[in-house]
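**Student:** Heads up: the protein sequence lines correspond to chains A and B, in order. Under this note's numbering, residue 106 is the last one in the first sequence; the count climbs by one each step, no gaps. Under this note's numbering, residue 178 is the last one in the second sequence; the count climbs by one each step, no gaps.
Hints were generated in silico from the structure; no laboratory data involved. Remember, it's a predicted structure, so these values are computed and weren't measured experimentally. Each residue gets a CB set at the ideal place from its N, CA and C atoms; glycine is no exception. Each hint should be verified, as a subset may be incorrect.
Output of the computed footprint for chain A on chain B, the stretches with three or more beta carbons under 8 Å from beta carbons of chain A [unchecked claim]:
1. 111 to 122
2. 141 to 154
3. 172 to 178
Simulated DEER-style distance windows between Cβ atoms [unchecked claim]:
4. Pro83(B) x Thr71(A): 46 to 56 Å
5. Ser53(A) x Pro130(B): 37 to 47 Å
6. Lys52(A) x Pro130(B): 32 to 42 Å
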Amino acid sequence: QITLKESGPTLVKPTQTLTLTCTFSGFSLSTRAMGVGWIRQPPGKALEWLALIYWNDDKRYSPSLKSRLTITKDTSKNQVVLTMTNMDPVDTAIYYCAHLIWLQFQFDYWGQGTLVTVSS
Amino acid sequence: QTVVTQEPSFSVSPGGTVTLTCGLSSGSVSTNYSPSWYQQTPGQAPRTLIYNTNTRSSGVPDRFSGSILGNKAALTITGAQADDESDYYCLLYMGGGWVFGGGTKLTVL
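Put together the whole structure using the sequences plus the hints.
**Tutor:** So this is what it looks like as structure tokens:
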């Protein structure tokens, strides 16, 4: 049974750096074809893909946010960390992490999401 | 950047059939984009319905089907039920990353 859970601050100030952790179970990111991605959703708006890391440490980023994002993994802890710099109120959103299998190209298991509010 | 387009809203009668589409602001959607479809109800994380154009995710009833129609990806719901009332998002794989559509709010009435 694959599960994922996001954790991190619920409130950050503008210009600060956001660090979110996705802790997962039921698979290993050292296993071929596994991937973990981050997706966000501002209140009342559409989903937006942010970043993904594969088992082989291949990293992919949304072109529009690439300069602000860093994704890393710690396979020993079953965790994936996303950092986003220079936070702005428009970055207020629910942030989800999700599991993906390479070549299926679907996010098949999702965390519950964590709401991050950017406000001074 | 290429925008992924979806109908903002759609309505269907109970028992009816509805087809939601997923296009590109420039160009055509093909199987190369590995389109997938997600259903989201308020307050919940998205749930995968279809991946790789037309493969149903585990546990998804066969009244949900995916295809390519013309130059767009399509999600067809046959025999719509009240609990199909949700937001539906398509996701395309392009340029090594992913882009979501703006979503379609489906009303069943």
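**Student:** Take the hints in turn and mark each one as holding or not.
**Tutor:** Now for the hints, and whether the structure bears them out:
1. Counting residues of the stretch 111 to 122 of chain B whose beta-carbon sits less than 8 Å from any beta-carbon of chain A gives 6, enough to reach three: the coverage restraint holds.
2. With a threshold of 8 Å between beta carbons, the proposed coverage of the stretch 141 to 154 of chain B by chain A is violated, since 0 of its residues qualify and at least three are required.
3. Taking a C-beta to C-beta cut-off of 8 Å, the stretch 172 to 178 of chain B contributes 1 residues in contact with chain A, too few for the three needed, and the coverage statement is violated.
4. A hinted range of 46 to 56 Å holds for the C-beta pair Pro83(B) and Thr71(A), which are about 48 Å apart.
5. Between Ser53(A) and Pro130(B) the beta carbon distance is about 42 Å. The supplied range of 37 to 47 Å therefore holds.
6. At about 38 Å, the CB distance of Lys52(A) to Pro130(B) agrees with the hint of 32 to 42 Å.
Figure legend: structure checked against the earlier numbered hints; hints not met, in rising order: 2 and 3.
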